[in-house]
Amino acid sequence: MNSQPREKTVGFVGLGSMGSPMAANLLKAGHLLVVYDIDKTKVDQTVSLGAQAGAGPADVARRASRMISMVDTTAQAEEVIVGPAGFIQTAQSGDLVISMSTIDPMALKRMHELLAAKGVALIDAPVSGMDKGAKEGTLKAFVGGDAAALERARSILKDMTAEITHIGGIGQGAAMKLINNMIFQVARITIAEALVVGAKAGIEPKQLFAVISKATGNSIAFQSAGSRMLSRDFVGSRLDSTFKDMELQTQLGKSLQVPMFMANIAQQVCELGRGAGLGSEDGAAIVKVYEQFAHITLGDGD
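In my numbering, the protein residues as written are 58 to 359.
These are computed hints drawn from the structure, not numbers from a lab.
Quick list of in silico lysine-lysine cross-link-like pairs, DSBU-like style, CA-CA up to 30 Å:
1. K192 to K301
2. K271 to K257
3. K311 to K197
4. K197 to K65
5. K215 to K97
6. K189 to K65
7. K85 to K197
8. K99 to K215
9. K65 to K99
10. K189 to K271
11. K97 to K189
12. K65 to K192
13. K311 to K166
14. K197 to K301
What follows is a list of derived Cβ distance ranges for each label pair:
15. A333 to I260: 24 to 30 Å
16. Q308 to A278: 18 to 24 Å
17. A173 to H352: 55 to 61 Å
18. A333 to S284: 18 to 24 Å
19. I353 to T195: 34 to 40 Å
20. I353 to V104: 46 to 52 Å
Where is the CB? At the ideal position from N, CA and C, for every residue including glycine.
Construct the complete structure from the given sequences, taking the supplied hints into account.
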């Protein structure tokens, strides 16, 4: 039974490794929430924190005037937002949809047109900061869409993020996120190469990490990925998700007639990792590909 006023309720679809803590932060901030995920366990966990359970995206939109989509792929986002059982089926004129997934900018433009025909606003607000940022509420949001729609979403976004940047029109938040991810993901592969070649050259991996941490090669990517590689911490953002991002990155470059030399090479390395069965592990597990070719292992997690 729904006892929450629709105009004050936020809908949230997609309770994965980032979506669950993001929804939890909204509840902590006092928002009324109705949630849905294909994994009922995730729904039950969020309901135990104070949310109500929705029967699906259309039911979520029936019970909330502002809806968030935080799913993995472009196809999933389209299904949730404009599919036969999506938000669009029950959303009302004046409602707002916030797409927070890393998806195809062109798909966002298509969904924007479909929703606008019903008087429903759409902004894209993908976030950077990974699982840690989602839990701590320190994510960075890159927003694409109408400035007035962003202002309507700000009271929601601020309770999941530490920084909100309006990039431009619809889809430009997603484009910015893809570019950010490209820099991080290509760097992560370079870091794997560097650590393995260093170990092969006889440099103790922990010493290499300590020295680079104080040198010009240091970066957020080096600290994040390098530490995971050395500690063998491969639970986190999946390599399959990295590959999805890389497909979108190279697709964006192709559509704009921009050569994507490094992104294409990185995608091929990522594909090697997936072929080796690493798809469900964190992207830092790509180091195992280099270790296999070099016949060396960086460490045992000690």
